Each structure stands twice: as structure tokens, then as C-alpha cells.
Amino acid sequence: MTAGSTLSLMQATAPSAPAAAVRVSGLRGGYGGAPAIEGVDLALPEGARVGLLGPNGGGKTTLLRALLGELPDVGGELTVEGRLGVVPQTERSRLDFPVSALDVALMGTLSRLPWWRRPSRADRRAALAALERVGLRAEARRTFGELSGGQRQRVLVARALVQDARVLLLDEPFSGLDDPSTRLLESLFGDLAAEGRTLLISTHEIDQARGWDLVLCLNRAQIAFGPPDAVLTRDVLERTYGANVVELPGGGRGVMPPHHCG
Amino acid sequence: MLEWLVDPFSDPLLRRAALEVVLLGVTGGLLGCWIVYYELAFGAESLAHALFPGLVAAALLGVPILLGGAAGIVVAALAVAVAARAPSIGRDTAVAVVVTTLLGAGVLLALSQAAPPGLGELLFGDVLGVSDGDLLLAGALALVVVAALRVLHGRLLAVGFDRSTARSIGASPVLVDAALLVLLALAILVAVQGLGNLLVVAVLVGPAATARLLAHRMPAMMAWSVGAAMLAGIGGLLVSYHAGTAAGASIALVTVGLWALASAARRALPSVVA
Numbered sequence: 001m002t003a004g005s006t007l008s009l010m011q012a013t014a015p016s017a018p019a020a021a022v023r024v025s026g027l028r029g030g031y032g033g034a035p036a037i038e039g040v041d042l043a044l045p046e047g048a049r050v051g052l053l054g055p056n057g058g059g060k061t062t063l064l065r066a067l068l069g070e071l072p073d074v075g076g077e078l079t080v081e082g083r084l085g086v087v088p089q090t091e092r093s094r095l096d097f098p099v100s101a102l103d104v105a106l107m108g109t110l111s112r113l114p115w116w117r118r119p120s121r122a123d124r125r126a127a128l129a130a131l132e133r134v135g136l137r138a139e140a141r142r143t144f145g146e147l148s149g150g151q152r153q154r155v156l157v158a159r160a161l162v163q164d165a166r167v168l169l170l171d172e173p174f175s176g177l178d179d180p181s182t183r184l185l186e187s188l189f190g191d192l193a194a195e196g197r198t199l200l201i202s203t204h205e206i207d208q209a210r211g212w213d214l215v216l217c218l219n220r221a222q223i224a225f226g227p228p229d230a231v232l233t234r235d236v237l238e239r240t241y242g243a244n245v246v247e248l249p250g251g252g253r254g255v256m257p258p259h260h261c262g
Numbered sequence: 263m264l265e266w267l268v269d270p271f272s273d274p275l276l277r278r279a280a281l282e283v284v285l286l287g288v289t290g291g292l293l294g295c296w297i298v299y300y301e302l303a304f305g306a307e308s309l310a311h312a313l314f315p316g317l318v319a320a321a322l323l324g325v326p327i328l329l330g331g332a333a334g335i336v337v338a339a340l341a342v343a344v345a346a347r348a349p350s351i352g353r354d355t356a357v358a359v360v361v362t363t364l365l366g367a368g369v370l371l372a373l374s375q376a377a378p379p380g381l382g383e384l385l386f387g388d389v390l391g392v393s394d395g396d397l398l399l400a401g402a403l404a405l406v407v408v409a410a411l412r413v414l415h416g417r418l419l420a421v422g423f424d425r426s427t428a429r430s431i432g433a434s435p436v437l438v439d440a441a442l443l444v445l446l447a448l449a450i451l452v453a454v455q456g457l458g459n460l461l462v463v464a465v466l467v468g469p470a471a472t473a474r475l476l477a478h479r480m481p482a483m484m485a486w487s488v489g490a491a492m493l494a495g496i497g498g499l500l501v502s503y504h505a506g507t508a509a510g511a512s513i514a515l516v517t518v519g520l521w522a523l524a525s526a527a528r529r530a531l532p533s534v535v536a
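Protein chains in written order, with the numbering used here: chain A, 1 to 262; chain B, 263 to 536.
Just so you know, these hints were derived from the structure itself, not from any lab. Careful, some of the hints might be misleading.
[Stated by the list, open to error] DEER-style ranges, computed between Cβ atoms:
(1) B/S374 / A/E146: 50 to 60 Å
(2) B/P378 / A/G69: 50 to 60 Å
(3) B/R347 / A/S148: 40 to 50 Å
(4) A/W116 / B/S374: 25 to 35 Å
(5) A/E132 / B/R528: 28 to 38 Å
(6) B/R528 / A/T233: 54 to 64 Å
(7) A/D179 / B/A402: 54 to 64 Å
(8) A/W116 / B/L398: 24 to 34 Å
(9) A/G39 / B/P481: 16 to 26 Å
The structure presented is a predicted model; accordingly, all values stated were derived computationally and were not measured. Virtual Cβ for every residue (Gly too), placed ideally from N, Cα, C.
One chain only, chain A, in its complex shape:
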């Protein structure tokens, strides 16, 4: 593979289940200098919840950007079936912006409409249905910035549903959420996966990822990829996070992300 890029985005027809929604082999990528990630080889099946673990600066965001085709320097092979939807952290968006939950969900129609068209009544119905799907039909008219962190996260999931995304890329969706909000979001993710959508969820919560279907550990290179039981060993975690893995009182393991230290 040469330094440039031999990126191939193919829209093949899906063979018998469980087909891979995302297939990556020999992926390396960066921003022009040394690669930020390399040696990524994986296949994400339809309907899988996949935990993406790694330290800050370990290349999680770089991988998501590579999947989106937004990385300036990419090598390797990358196949994505169907539409990708991004669910960003809600702090990235402006909370003083004059939009309702419905306005935000409607943004999901932009990529499907020709540039001169405005959302139709059918589009509004689809956006309301997506809000209903995430349990926020009653909050459709409320200002986005006034919603709780968990509700905002679910509005952004609704936006991805309006896009009709088959693959959802979620950037630390649980950070800053209280327990009830976390449980609501977890059960929503379960429902979406049951519909055959693929969820790639970056997180710092190792024990949470234990409940999902697959786990990818990334630290500038792929450390491990597979079912949680096989992947989440002390050895793999130490190679992923360095020496920051700590035993938790309850018997699980936790990670001290660098920004929580000191």
C-alpha cells in the first residue's frame, strides 16, 4: 500500500445475514504526518453494538473520521453498507441556538433532499416519528438547549434515524449522563441494534462495553477486536491504556482517562 490512498467505497448488495455493515482492512490514516492509526482490520456485522475503547489521543476520533471519508490521509480498504450517521457529543453543539428538538431532528433530512428543497410535511412527520422512537415526542417543541443531557443525546440519535442511517457512529454518548438517562440510552441502543442497525460507540466505560456484542481496542494501532469476553483481558487493557487500568472495588476494572487524573 502506497502512502497516498487506495480507498474504495463500495455499495455492494448484502449477502445472507449477518452481513458486514462496515468492513475495514489494513486501514491506516492521519493528517499528513505520521499515521494517527494503523493496522485496523475489522468487520462490523449488521445489528451489532460495538464498543470502541482507547485512551484520549489513541485514534478513536481519527477512526470515526476515516469511516466518514473526512480524513485527509487514508490508506487501506474501507467498505460501508448504507448510510452513516454521526451522533456527536451534545456539548459540541451550541446550547443557546434558537432551535427546537424537532428542528434538530429535521436536520437529518438535509442529505436526502436536493439543495433547493425545504422539508415537506412528510419530512416533518418522519422527524416526529423519530422523536417518538427515542421517547421524546412530547418534547418536540422544546428548545434543544433546555433539554437534559440525556434528552439532547437522544435528539441527536433521532437526527441520525431521520437520515435513515444504517450505521451509527456515537462519540462518548454516555459521558456526563446520570444513571436513569444512561439506562434509557442503553435500552434505545439495544432496540436499534435489534432493527439491524450497527452501532459503533466510543466510550471510557469498560464494564459497559462488556454487555455489547463486540469490542475494538485502539491505541494508535488496533490492539484487539472481538467479543468482549475474549478481548477485555487485563493484558489487552494495559496495552490499550498503558498502566492506567485500576481494579474497582466491585470487582470490575476501570480506566482513569488522562483528563481525570491529577
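For this one, chain A is given, so just place chain B on it according to the hints.
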């Protein structure tokens, strides 16, 4: 009271001025909502001041003011782009240096012996002296801005809401920014004729800042903003007529007054207002 409000408009000069400020109010009120949320207020002010030498040069050479202003904006944009590349200055500083340099150069030109009288109008505007051409231009501009903002609405909303993921949902921040800047340059170019180089920012930022205090949704904010711009325009003309003050400056003052009023109302009645 009614006479105080109506009598001045028996004067055809004032009726034309009223039409001009209403048309510019539509443009400025709508565009201003995006300028405020895209944090382009400083950029708008800079553009308006930086095109000043272009206006003066056009007046000295006897070519249409519009042409001079357009050339002035291009020169200013290039100068900012070059200055921003200077290491360790920072963009805001570069813009400020370029703008004061250009404004200073314009004033020097305007004060030169060769300058025809009446160049002060370029700085402070002459809304009472608008021509048919000015009115047509302001009307055309209002139409263009309304149509463009209607088409761009969803994308402006998506990019303003979250720039980092706008591309992934189908809105290119680069294109949206460029479109907004082009509209802003057009609006300044046209509005500068009526309101003057120093006061044009009042109609582009003031009404939207007022509306932001009163509305929770972009469409409602736009309605408030256009209303505030028109009210300030007509109110300013009335003040200027009765108090014998400069029209452009009176409009700017009423604009700021409305903002102060909205600000106080929001403080006094937080549950009723927004």
C-alpha cells in the same frame, strides 16, 4: 400625537426615506439573525469600514459609488487575507490593522483639496437624499436576500448548530460561510448608500441582537428582527424630523434604544419575555 407621527410623511423626501429604511430593514433584520449567531458582527463592521477608500476614490474619479464600494471590498478582503498570514499576529488583530489603515486612507482622500463637497455623506449616509436607483437597488437586494436565506435556511441552521458534524449530515460549512459572506458584502454595499459607512452596522446587528433577547426560534427571531429594524428606521426618521438631528445617526440611536428596552423587559419580566 397622530399628527406628530403622520405629518412628516407628507413630505415626499421623507416618504422615499421611509421606503428605503423599510427595505433595508428587511435585508438587515433577516441577515442580522445569521450574522449574530455566526459571530460575524466584527467582520460586518470591518467590511463596512474597509470599503470606505473605494467609495471616496469612486467619488473623486466620478465613477458610480457602487463600483467603488465593490472594488473596495475586494481590496479589503485581499488585504485581510494577506495580513492574516503574517506569523504571530492573529486574525482579529490583522483585520483591525487592515481596517483602520483603509479607513484612515479613505479619510485622508476625503479631506484632500481635490475632494468634492458632500463626501461626509459617505461616512454618515444621506437617507433623505436617496434616488430612484437607490430604492430599486434596495428592493432588489431585499428580494435576493429573502430568496437566498429561504433556500439556505436548513443548511445555515445545521452549520450554526454544530459545525463539526455539519458535513456528515450534508451541509458544507465552507459553502455556507461563503454564501453568507457574499450576502453580507452585497448588503453592506447597498445599505452603505443610505445609512453611511459608519452606521450601516447598526441595521445589520442591532435589530437581530434585540430579537435574540425576545425569541427562541429562528423564524420568530427573524420576525422580531425585521420588525425592530423597520420600527427603528421609521422612528429614527421621525426623531430626526422633529428634533432636527441627522437621520442616519437618529436611526442608529433608536436601534440601540430598542435593544436596551428589550434587554430591560427581559430582566424585568423573565417569565413573559422569552
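Quiz prompt | CB-CB spacing for B/R528 and A/E132 relative to the 28 to 38 Å hint | solution = holds (34 Å)
Quiz item: So the hint says 50 to 60 Å: do the beta-carbon atoms of B/P378 and A/G69 match that?
Solution: holds (58 Å)
Quiz item: Taking the CB of B/S374 and the CB of A/E146, does the distance hold inside 50 to 60 Å?
Solution: The hint (50 to 60 Å, Cβ to Cβ) holds, given that B/S374 and A/E146 are roughly 57 Å apart.
Quiz item: Is 54 to 64 Å right for how far apart the beta carbons of B/R528 and A/T233 are?
Solution: holds (57 Å)
Quiz item: Taking the beta carbons of A/W116 and B/S374, is their distance inside 25 to 35 Å?
Solution: violated (49 Å)
Quiz prompt | Range agreement (Cβ of B/P481 with Cβ of A/G39, hint 16 to 26 Å) | solution = violated (50 Å)
Exercise. With respect to the beta-carbon atoms only, verify the hint that A/W116 and B/L398 lie 24 to 34 Å apart.
Key: With a Cβ separation near 26 Å, A/W116 and B/L398 satisfy 24 to 34 Å, so the hint holds.
Quiz item: Are B/R347 and A/S148 spaced within 40 to 50 Å by their CB atoms?
Solution: Holds, since B/R347 and A/S148 (Cβ atoms, about 44 Å apart) stay within the stated range.
Quiz item: Does 54 to 64 Å hold as the CB distance between A/D179 and B/A402, or does it fail?
Solution: Taking Cβ atoms as reference, A/D179 and B/A402 lie about 58 Å apart, which means the hint holds.
Violated hints, in rising order: 4, 9; the structure is consistent with all others.
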